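Work the whole structure out from these sequences, hints included.
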Amino acid sequence: MPTAARPGPLRVLVLGAALRAESTNVLLAALAARMLVDAGADVDLATLREFDMPLYDGDLEMARGLPDGALALRDRLERCDAFVLSSPEYNASVPGVVKNAIDWVSRVRPQPFKTKHALLLSASPSMVGGNRGLWALRVPLEHLGTRVYPDMFSLAGAHKGFTDDGQLADAGLQERLGETVTSFLGLVEADTRYVCLQRRWYEFLGDRTEAPVTQRAED
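For the sequence shown, counting from 1, position 19 maps to 19 in the working numbering; every step adds exactly one.
The set of hints was computed from the structure by calculation and includes no laboratory data. Honestly, I wouldn't trust all of these hints.
Straight-line Cα separation of at most 16 Å, EDC-like style, residue types lysine to aspartate or glutamate; simulated pairs [what the hints assert, rightly or not]:
#, residue 1, residue 2
1, Lys114, Asp103
2, Lys160, Asp170
3, Lys99, Asp57
4, Lys114, Glu78
5, Lys114, Asp75
6, Lys116, Asp191
7, Lys116, Glu189
8, Lys114, Asp191
9, Lys160, Glu22
10, Lys99, Glu142
11, Lys99, Asp52
12, Lys116, Glu142
13, Lys116, Asp75
14, Lys114, Asp165
15, Lys116, Asp81
16, Lys116, Glu78
17, Lys114, Asp68
Note that this is a predicted model, so its numbers are computed, not measured.
Next comes the structure, spelled out in structure tokens:
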């Protein structure tokens, strides 16, 4: 019997969700991307600066449609099996530029966040490493159907957290990030490649039974 073709590598978009070129979140995203490549993934590394978008405005959307930056980010998301997002924390919450990008891209139909797996990272000079921002970031992503990995990674004291070659200065944190990245990739592979893990649909009490199945909750 012919042998079934082996699937290609998992495709992962890694986004440094900061505009500043020297942002520690851009550095953290690059490090995570190298770890994913070492684990066998096909990585698309990007920064948020590549996707220029105005502030979301419903009137602007009606008049001009979605901006090119939002469509470009949509295209990159659609080509991936999962995404990794390394985001700063502003005032203990999500940076406006990150939330704005999510709001614009969510206007696409079908919107591309649904059913994607996501790993959230953060880096900050603070003692909590931007972790509060990640908890806030989970809310819109999970609302849009993204399967956010439970184990987030936050790098405290990030302004002195990297070596000259882009590794983490703390060997224990370097090991933990590597384990988090490879475990996340294993979960994505299990969900997207294993036939035995088919998605199951269930309904909340508020679901309309006559609604198309794509409008109901998915597990």
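Going down the list of hints, with the structure as the test:
{"no.": "1", "hint": "Lys114 to Asp103", "in the structure": "holds (14 Å)"}
{"no.": "2", "hint": "Lys160 to Asp170", "in the structure": "holds (10 Å)"}
{"no.": "3", "hint": "Lys99 to Asp57", "in the structure": "holds (13 Å)"}
{"no.": "4", "hint": "Lys114 to Glu78", "in the structure": "holds (10 Å)"}
{"no.": "5", "hint": "Lys114 to Asp75", "in the structure": "holds (14 Å)"}
{"no.": "6", "hint": "Lys116 to Asp191", "in the structure": "holds (10 Å)"}
{"no.": "7", "hint": "Lys116 to Glu189", "in the structure": "holds (12 Å)"}
{"no.": "8", "hint": "Lys114 to Asp191", "in the structure": "holds (14 Å)"}
{"no.": "9", "hint": "Lys160 to Glu22", "in the structure": "holds (13 Å)"}
{"no.": "10", "hint": "Lys99 to Glu142", "in the structure": "holds (13 Å)"}
{"no.": "11", "hint": "Lys99 to Asp52", "in the structure": "holds (13 Å)"}
{"no.": "12", "hint": "Lys116 to Glu142", "in the structure": "holds (10 Å)"}
{"no.": "13", "hint": "Lys116 to Asp75", "in the structure": "holds (13 Å)"}
{"no.": "14", "hint": "Lys114 to Asp165", "in the structure": "violated (36 Å)"}
{"no.": "15", "hint": "Lys116 to Asp81", "in the structure": "holds (6 Å)"}
{"no.": "16", "hint": "Lys116 to Glu78", "in the structure": "holds (9 Å)"}
{"no.": "17", "hint": "Lys114 to Asp68", "in the structure": "violated (21 Å)"}
This entry does not satisfy hints 14 and 17, going by the numbered hints stated previously.
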